[in-house]
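Trainee: Keeping the supplied structure of chain G fixed, place chain H upon it in accordance with the hints.
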Amino acid sequence: MYKWYALKRILRGVFMFALIMFIMSLLFNQVSEQTQRTQIFEQVKQESMRLKDVKPEYIETWRTNRTDQLIKLYRLDRPYMERVLFRAVNTITFNLGDSTLIKSSKGDKKVIVILLEALPKTMILFTSAALVQMLIGVTLGLKKAQKPGKRLDRTTSFITMIVFGMPTWWLAMMLILLFVYVFKLFPSGGVNSIPTPEGIMFVLDRLWHMALPMITLILLGFWGLSFVVRNIVLSVLQEDYIMSARARGIPENKVLFGHTMRSAAPPLVTIIILSLLGSISGAIIFEGIFSWPGLGNLYWVAVQQNDIPVLMGDLAMTTGLYQGGLVFLDLIYGFLDPRIKVGGKA
Amino acid sequence: MSLKDVTYRFKEFWGDFKREKSGLIGLGILLLCIVVVIFEPLFLPYKDVNGNWRNITYWQDNSPSAPPAWVNLFTKLKSATTRQLDNPEITDEEDPEYGPVKTYSFTYNYKYDLPPLDVIMHAKGTGMIVALLEIERPDGNIVKLGQLYEENMEDSQIRYAVETDAKAMAFEFAQQYASYESIANSDSQSVKPTNVIFSQAAADMLEKRQSLKGEYVYRIKVPAFLLEDGSNHLDDLNLVLTGRVSGIMGTDTAKRDLFSGIIAGLKWALFIGLITSVISVLIGVMYGIISAYFGGFTDTAMSFVFELFVSIPVLPVLIVLSAIFKPSIWIIISSLIVFSWVGPVKTVRSMALQIKEETYVEAAKALGAGKWRIIFKHMAPLLLPYSFANMALSVPSTIVFEASLSLLGLGDPTIITWGQILHDAQGAGAALNGLWWWIVPPGLFIAVMGMTFAFLGFAMDKILHPKLRTR
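Line order of the protein sequences matches chains G and H.
With numbering that gives the first Met the number 0 applied, the first sequence covers 0 to 345.
With numbering that gives the first Met the number 0 applied, the second sequence covers 0 to 470.
Bound conformation, chain G alone (with noise of 0.2 Å):
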């Protein structure tokens, strides 16, 4: 039951992530063509200068024709429907092309190439900060739903409120103020120091590199999904199977992990990858501040260039991840809800 679950939601999340990248494609068609046609235009150009010892009007023939070829190879002279069709399906098998101005670290202009060096610089900061938030949420939150409307609760929960609209890019900002200009702790941005020391010293750099990102994430993270875990098992204290287990005398620990986080578990995690998911996209800006050299810092890269492929690459990925986040929530709450898993009615 589980399996036809399972691949139900992949091939539907599959399909979403088609349709978004169709859309994208509709949306943002003729800028990306310009693109293209530039970078068709310098190539011939190029390639015509590598020419030699032929007649001024050979290189005049040469270059429309091979012009042309290029145009025909990338479909530009094909009727729009079709054009925006090609991009789709290019952009969702990844097949991305060359960047217009930004290269890899080893001066490779492939954009799959440039977001794949990123990609795991993003998913290391975000997996281990996402880690200790979800720590932190979680035993805050049951903490808080143990002894509603105490002190811990309400100072907690005015907390929260006071840094719902922070922007953590900012908060980001104000501890490099503090941790790099006034106490000089903490190194300004990047991975890693340079030269790049090797063996044990090259962990411990990185992460000191990683210090202050991760505490900027984590400060800023927990108290947003502390304060829904509160409600939600709060809620399922109120349920009448746990007064009847408190009353057997079940220990208060045993009722909170065993039938309280059980039946709350299924919302639980959707909240908490859901609220994940949403920081990571928030977190975009905030690489940039911290010149991290993720996917995020790759938009402020790609911005500033004004590099069409890159930022749809970018886009791609982002929306790519975001839809992988989506139905591993699904199938997690799948596992999680019996009445899917074993197949009961919903």
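I should point out that these hints are in silico values taken from the structure, not numbers from a laboratory.
Careful: at least some of the hints might be erroneous.
As the list claims (entries may be wrong) - Far from chain G, some chain H residues (derived; all Cβ distances over 10 Å):
1. T6
2. Y57
3. N86
4. E133
5. K191
6. E214
7. F224
8. A363
9. I373
Said to hold, decoys possible - Partial pick of chain G residues on the chain H-facing surface, computed with a CB cut under 7 Å:
10. F163
11. G164
12. P166
13. I284
14. V302
15. L314
All figures in this text were calculated on a predicted structure; none of them were measured in a lab.
Just so it is clear, CB atoms sit at the ideal spot from N, CA and C, and this is done for glycine as well.
Mentor: Using the frame of chain G, we list chain H on its own:
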């Protein structure tokens, strides 16, 4: 629902709301902000900041990267603050060089340890004007600043800045007193004129710079015969002393007064936040109701569109959109609405599914009420109050979205927003250079705005949700 119903329900709501302390704080801050927005000109130190934010000449008299004026309270050496002197005293005098002159004099009481960065004279002139400029110091010495000579003017702006126009003359003055070595170590380009003018005349005046406190008189002497025939005018004189510290929030590297920027940005933050969230939540609520009420194929199709919009990561798409189309603020607001109406849909739909089965809806149907009548008369009034909390809670994220776009440099350049101020700060490396007054206030205001609406939203949420109000 009649007006009486509305007032009754509002009174009931207000009775509950009064007991929420944080909600009242939020309401207070919001009202304060609205007052500031309405009486904006009263709060703006630079009245024409709207529209002149990117105009370099508008800000040319300010000092770059000056900390806020209240920093003086915490430092040992007090810095001169920015002052503008208007209405010069006009007297008729005899000048040894010019003969009879008309003298415009400004008196400045200098009581700081660190001198102003610049002394700038402004005037409006017509025809031909020749003027002798000088400063009389408290010790009786006179620093000759130089001569002003302008002709063929038609109400033209005259600007004479000591920092750029009187370097040589100030150096000459220093040469009379300073020791031989210190003069040999410097030249007219490296000497700062205001440092010389506001220091005690001594052999070490170029290095130590003991400040000379007291009354300084800035004189503009115009030969009397020039002004007699009426074709030559000199009007609107004022003197600006550019301080090392400036205003309530200091200035940025482009000499802009940050307090003016923040106040001018407030209306945009409020406007963007409120209009986007109100419209998008209304759309979302109606979407949810319609989807639930119609059911069947409509519901399936609408749920699919909803799911599609949920699957789009908002900020990345907005970034790419604005990077490519370079939109105005109106387009940014519209695209924010397009992507943020999804918020309340899910909850509203499930609530509407319940209401749909209520007996009074059935009764209305039996009495022959149309679909839209049921939706607008019986379902929307019940679900709208719930959406108010949602509106308040979606304001902060909207403000942050706009600020994020602006931070990337994708904002509308014709307006001032806090995000744009932070963009400039980030571009100039404010955090790494310690210009805290440039990054703390804009972000703090964004955060306070978010807090205000969070207070309001959470308080309303507590009252209005999840208990569905039934009659």
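Trainee: Hints first: check each against the structure and report whether it holds.
Mentor: To see whether the hints hold, each was checked on the structure:
1. The non-interface label for T6 of chain H is consistent with chain G: the shortest C-beta to C-beta separation is roughly 29 Å, beyond 10 Å.
2. At the 10 Å boundary, the C-beta of Y57 of chain H stays outside the reach of chain G, the nearest C-beta of that chain being 27 Å off.
3. With a cut of 10 Å on Cβ distances, N86 of chain H stays outside the contact zone with chain G, its closest approach being about 42 Å.
4. Even its closest Cβ contact with chain G, about 43 Å, leaves E133 of chain H beyond 10 Å, as expected for a residue assigned away from the interface.
5. Every CB of chain G lies more than 10 Å from the CB of K191 of chain H, the least distance being 26 Å, so the non-interface label holds.
6. The non-interface label for E214 of chain H is consistent with chain G: the shortest C-beta to C-beta separation is roughly 39 Å, beyond 10 Å.
7. Every CB of chain G is more than 10 Å from the CB of F224 of chain H (nearest about 59 Å), matching its label as outside the interface.
8. Its beta-carbon lying about 31 Å from the closest one in chain G, A363 of chain H satisfies the requirement of being farther than 10 Å from that chain.
9. Every C-beta of chain G lies more than 10 Å from that of I373 of chain H, the closest at about 28 Å, which supports listing it as non-interface.
10. With a cut of 7 Å, the hint placing F163 of chain G at the interface with chain H holds, because the nearest CB-to-CB distance is about 3 Å.
11. About 1 Å separates the beta-carbon of G164 of chain G from the nearest beta-carbon of chain H, less than 7 Å, and the hint is met.
12. Proximity of P166 of chain G to chain H holds as hinted, the smallest CB-CB distance being about 5 Å (cut-off 7 Å).
13. The interface hint given for I284 of chain G is met, as the beta carbon of that residue sits about 5 Å from the closest beta carbon of chain H, less than 7 Å.
14. Interface restraint check: V302 of chain G against chain H, minimum CB-CB distance 5 Å, threshold 7 Å, status holds.
15. Proximity of L314 of chain G to chain H holds as hinted, the smallest CB-CB distance being about 5 Å (cut-off 7 Å).
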